[in-house]
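Starting from the given sequences, assemble the full structure and let the hints guide the process.
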Amino acid sequence: MIADNVDAQGSALTPDVVRGITFPGTRGRGLGLDEERVRAFQERVADAMEGLSATLEARDREIAELRKRIMSSDNEEQVHQAVAILQKAQETADTVIAEANAYSGQVTAEANATYEDARQRAAHIVAEAERTAVLAAQVASSDRDDAQRDAVYWHTYRESLINQLQMFLNSISEHLDKVKEHAEAPAPPSVHARQPQGAGGAASARGSAPAVRSGPSQPSQRPFA
Amino acid sequence: MADINVENLKKSWATVASHGADPVAHWFYAHLFVHHPEVRSLFAPSMTQQRDRLVGALANIVSNVDKVDELVPYLQDLGRDHRKFGAVADHYPAVGASLIATLKYFSGTEWTPELEADWAAAYGLVAKVMSDAATEADAGTPAYWDAEVIDIEQRTFDIAVLWLRTAEPIPYRAGQSCSIEASMRRPRLWRWYTPANPPGSDKIEIHVRLVAGGPVSTALVRSSSKGDALRIGQPMGELALDENSDRPLLLLAGGTGLAPMKAIIGQLAASGARRPTALYFGTRTVREMYDAPALATLEAEHDWLDVTMVASDDITWQGPKGLVAQVALAAQDWTGHDVYVCGSPAMVNGTLDMISDHGVPSEQVRYDAFIES
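Here the protein sequences come in this chain order: A and B.
According to our numbering, the first sequence is numbered sequentially starting from 1.
According to our numbering, the second sequence is numbered sequentially starting from 1.
Hint data in this document are derived by calculation from the structure and do not stem from the laboratory.
Treat the hints with caution; some may be incorrect.
What the hints assert, rightly or not - Using 35 Å as the maximum straight-line C-alpha spacing, the simulated DSBU-like pairs for lysine-lysine come out as follows: (1) A:K88 <-> B:K11; (2) A:K68 <-> B:K128; (3) A:K68 <-> B:K104.
Here's what the structure looks like:
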């Protein structure tokens, strides 16, 4: 005979426990419930419990799966967003640096061109002076002797050279004034709106992906090296 | 490679590349850095050149994936070379994962599990060859040497001579070049320069020409200070002095191509070989004869050395005029000489043609061309 155990073990009601519960008899007082109906009810409760349990387990699995997906870096949409943002930042960095390099290249090329120009002019001046002197000597040769003709040649050569050098130096001086004006004026805004990566600019050189800088747009006094 | 469907790989790459090399490389690096932010510092701030290099390497690997004999040495060089950037074995899986993700992203509906498996297998092989080569190299040689600038002389506004001190002597051969990083001024950018002195001491002399817009050369020529930290990578190059030969030498140098020649002359002097050597140093203008005093000293010190300077475009120059190779080859018969050539690609190509016409056998000719950067 199964002992009356309905009050035993207050916790852990499992379907099987529910099925196995017995209730104390009415001790012949005729006031008890129909035992068969109670049994049937116990069965129903146990079944319902099993059903709920299964549902709970399924829900738990679903939650675990969703949580995993949220936390996992394989969440494609999040990854694509992050990738797109990083790409944009990199494009900005690439552009800023390319512009800085281009500006530096431009300055070098201009310096080179100025020097080349000066060199060619100097060569031209020397050639011109020689030509002028030869002509003058030829003109003089008809009515003077050799020594005087040589004197005319050298005198004319010297005069011509000095005049041309004077004009040349004046034009260089004007050019330098223009260059100085240009160098002291603010350079193209896209380069100086952010800090240039100049010779000491190690800040963005190491470390994480450079973000767009929104610094003050004061022109840098420091020329690109 | 037996299990990998090479045809499918090539087709897949073609599909991906059709989106444009730069967007693909952009996406790849962004993906890599999102997942491994700690890797970003191994790269320079500007990634433009890096993207070009990545796509170039991938294209090369994919097109040669079935030519193992060509591919393996290339990958081994690549793996060894990557050491100086700080790449370690642990990085390869991360790179592989981002690579697969990138290929998948740009393949769209053409992506299949088989394709993924093929790519993963191919990458696995590539990574293994590279990584093994790097590990093997690590056992014998450092990835790079630390150095500092001890002196600078700006000889003209765009050419400077720098003297560096290294932690220990670097085992280059006279005439070889090293990849150098101006670690303080331009971190993560490496450029090739040639020591102008022979190996054996902890001092290295380099000649740097400023390239307009070039970040590294500009910094080295115009912003260097004593004490600047540098890193120097493994020496490479075909222009090394052949000490097994006893033929007389003809050295043809254009611009800063003088540097390897100076190293070679130094090596000859140190070895006591006394091989008759004729150096022809050519520039466009007199201004660019940046090392004339040092050459005059060398010529005075060594009776087996003859130095001739040539300018191609300067009316104030009283010496030989024209292209350095033209002037040299017209001077005498050089067919019994070892000939070394260094300068810009245009100069080197033109010179090699002239040398060959002159009749010097090609096995007696060594050369290196300086690519501007």
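Taking the hints in turn, this is what the structure says about them:
1. In summary, the hint linking K88 of chain A to K11 of chain B is supported, as the alpha carbons are separated by about 29 Å, within the 35 Å threshold.
2. Of the supplied pair hints, the one linking K68 of chain A and K128 of chain B holds, its CA atoms being roughly 32 Å apart against a limit of 35 Å.
3. In summary, the hint linking K68 of chain A to K104 of chain B is supported, as the alpha carbons are separated by about 22 Å, within the 35 Å threshold.
In terms of the numbered hints stated before, the structure departs from none.
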